[in-house]
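Participant: What follows is each chain in one-letter form.
Number of protein chains: 2
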Amino acid sequence: MTKVSVDEVKGELTDKDYQALMKEFGIDPIDSYLKKLAEKVELAPMYRRGIVFGHRDFGPIYEAIIHKKQFAVLTGFNPSGNIHLGNLMFLKQALFFQSLGADVFIPISNDETYVFRKGNLEDATKNAIENVIPDIIALGFDEKKTKIFISTKHPKVYELAVKLSAKTTISTIKAIFGFNDSTNPGQLFYTIVQAAHILFPQLEEFDGPKHVVVPIGIDQDPYMRLVRDIAEKVGLIKPSSTYHKFAPGIFGGKMSGSKPETCIFLNESPNIAKNKIMKSFSGGAPTLKEHREKGGNPDIDVAYQYLRFFLEDDDKKLKELYDGYKSGNITTGEMKSIAAEKLVAFLKDHQKKKEKAKDKVDKFLLH
Amino acid sequence: MTKVSVDEVKGELTDKDYQALMKEFGIDPIDSYLKKLAEKVELAPMYRRGIVFGHRDFGPIYEAIIHKKQFAVLTGFNPSGNIHLGNLMFLKQALFFQSLGADVFIPISNDETYVFRKGNLEDATKNAIENVIPDIIALGFDEKKTKIFISTKHPKVYELAVKLSAKTTISTIKAIFGFNDSTNPGQLFYTIVQAAHILFPQLEEFDGPKHVVVPIGIDQDPYMRLVRDIAEKVGLIKPSSTYHKFAPGIFGGKMSGSKPETCIFLNESPNIAKNKIMKSFSGGAPTLKEHREKGGNPDIDVAYQYLRFFLEDDDKKLKELYDGYKSGNITTGEMKSIAAEKLVAFLKDHQKKKEKAKDKVDKFLLH
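Protein chains in written order, with our numbering: chain A, 146 to 512; chain B, 146 to 512.
Read the hints as simulated data drawn from the structure, not as lab findings. Where hints are given, some of them may not hold.
In this list, chains with the same sequence are indistinguishable; a pair is considered to hold if it fits within one copy or across any two.
[Said to hold, decoys possible] No farther apart than 27 angstroms at their CA atoms in a straight line, the calculated lysine-lysine pairs in the BS3-like style are these:
no., residue 1, residue 2
1, Lys301, Lys508
2, Lys312, Lys271
3, Lys501, Lys434
4, Lys498, Lys180
5, Lys471, Lys214
6, Lys161, Lys439
7, Lys290, Lys434
8, Lys181, Lys503
9, Lys161, Lys498
10, Lys508, Lys487
11, Lys263, Lys168
12, Lys263, Lys378
13, Lys312, Lys180
14, Lys461, Lys378
15, Lys213, Lys185
16, Lys290, Lys319
17, Lys505, Lys301
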């Protein structure tokens with residue numbers, strides 16, 4: 146297997162980069178499935194817009210959707226910080242698959258926070274319960290079809306990890322993740338725990354083996370290759386995955402929780418969020434005159450991209466924004482204002498819902 | 146630290162071997178503490194007879210006993226098999242310390258069974274509940290001062306292991322235990338889980354940091370050195386340990402659960418146990434005539450050693466047996482019969498108690 150550090154992919158990937166990575170990792174384009182699926186259901190914007198571009202083994206998921214069979218979607222969250230727009234990519238896919246019948250499983254990896262030295266375990270657990278889980282619930286997940294679990298708090302996680310751990314070797318994990326012996330053993334074992342998270346929906350208490358789709362960024366592909374290899378050895382079904390493009394950070398590049406200045410968080414004050422948008426990286430021309438004459442570049446304009454990724458669900462309106470910016474009819478300031486206004490409205494609404502969601506945490510949390 | 150495989154010590158150690166290992170590992174003789182302790186309390190036979198010979202950091206345990214302060218004793222069991230006489234060494238020490246005021250903690254390491262490929266997880270867990278724990282309870286542990294927990298079933302085990310895991314490195318563990326990269330990651334991480342077992346009595350729910358003594362065989366010393374090193378880094382008290390000599394197997398050598406023919410199990414049919422004793426390795430002379438003339442060697446006679454280790458608590462009677470065998474007055478057959486009779490009585494009584502103990506498992510088990 147190819148040795149890929151999970152930090153290797155920093156964002157700012159061109160379509161050519163994505164193509165190369167797909168080829169290297171053996172990821173297939175998802176277009177043909179989406180085309181067929183679009184005949185039956187309404188695709189969420191990120192599927193219509195090429196943001197979700199690749200898959201591994203999506204066939205059985207497609208079949209489950211079409212034939213209304215049981216399947217699950219899984220996406221985890223490291224509670225070292227708070228949820229930002231970039232993380233929404235995973236959660237919005239989970240919502241989409243839930244709307245198509247999937248059970249949603251969301252592991253909260255407080256152990257990951259700790260072993261990778263992003264914070265202490267108690268703070269991560271507290272943040273999970275007080276912030277992360279209410280944020281997730283507020284996005285609109287169905288109480289009856291969503292199971293959230295905290296990695297160190299649900300005893301089946303470690304038990305399943307123990308079972309999986311005997312099916313691989315330290316050298317395999319090193320080859321996949323690029324660890325060396327100065328790594329702490331918690332980091333090494335966490336790769337197995339993450340495999341346990343991904344196979345968790347296939348436990349007997351959730352009706353046993355089933356197809357599970359895991360929306361991931363391409364940088365997380367090593368985990369999928371490990372878990373698919375192990376799944377087979379323990380009589381479980383190899384999980385499928387979808388791959389999406391990274392949402393840009395405020396200044397371009399990748400939106401990364403470890404660099405808060407690049408992010409807009411779901412718990413951000415709407416005013417601060419607005420200011421972040423107003424100073425975001427722009428695809429406009431250097432002067433207004435030049436912009437009116439030659440137009441701007443929406444493909445690299447962060448405000449436009451946020452509309453495309455998160456804020457404008459209407460494809461027709463989005464196209465008008467794209468064309469207007471490209472032609473110079475819409476200025477950089479106008480594009481930012483449009484994005485900021487929609488963002489402020491979203492955050493205000495979300496934050497209200499989040500307050501209410503705090504009382505529902507126990508209903509979503511598996512014990 | 147010295148590199149020691151946990152399988153390196155096979156038993157049949159001479160006093161000289163024990164001396165050398167004590168020096169190599171930095172283990173102190175325990176005699177002076179036992180002498181002082183004997184002035185205050187009645188020592189259990191294995192302390193009076195030099196079977197427990199060494200310690201690391203016993204001072205605080207001695208102080209806790211003398212001043213009636215809170216302390217704990219911890220001994221674990223791998224439920225891949227059933228408890229045999231050799232395992233009693235640990236449990237009898239736990240009983241002794243409990244009689245002196247200690248809380249007893251007994252982790253049952255079903256994860257160890259599995260990652261070291263001694264059986265599957267479900268069988269190990271079932272065996273723990275149906276056999277191992279009733280056997281332990283039947284030995285006479287105090288329900289109010291004994292906490293038994295199954296490693297994959299108590300969520301605090303993994304949580305504590307996660308915390309400890311960030312305080313060491315893969316290379317440190319390799320150096321201590323002699324693992325290489327073909328090892329499965331579960332074995333590597335289990336060294337941390339065992340450290341979590343040992344530090345478990347110091348969790349907040351058991352009143353936080355306290356002195357804990359761990360009775361071990363000298364082959365388990367690497368675990369103690371790892372856990373003492375880690376304990377300090379997480380603000381817990383370094384646990385103490387005592388070291389005992391190995392009880393001989395039926396044919397001499399070490400009594401080892403992985404070689405059932407060397408063992409007498411607590412669930413053994415009394416008749417089979419009797420037969421095992423009757424064919425055990427003897428220190429008698431080749432012929433009866435020679436035995437009567439020159440005498441036998443009780444130091445290598447398995448039947449005598451079982452009386453010394455487990456079956457004859459009365460020091461005066463034991464000395465009579467020793468002297469009688471040495472002088473040739475007691476024959477090999479007689480010595481075996483004496484041991485067999487006592488063993489049969491012990492097993493019958495124990496097995497009755499075990500049946501009753503099966504109803505008490507839930508009272509001893511931490512959930």
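Participant: Checked against the structure, which of the hints given earlier come out wrong?
Facilitator: Hint check: 3, 4, 5, 7, 8, 9, 10, 11, 13, 14, 16 fail, others pass.
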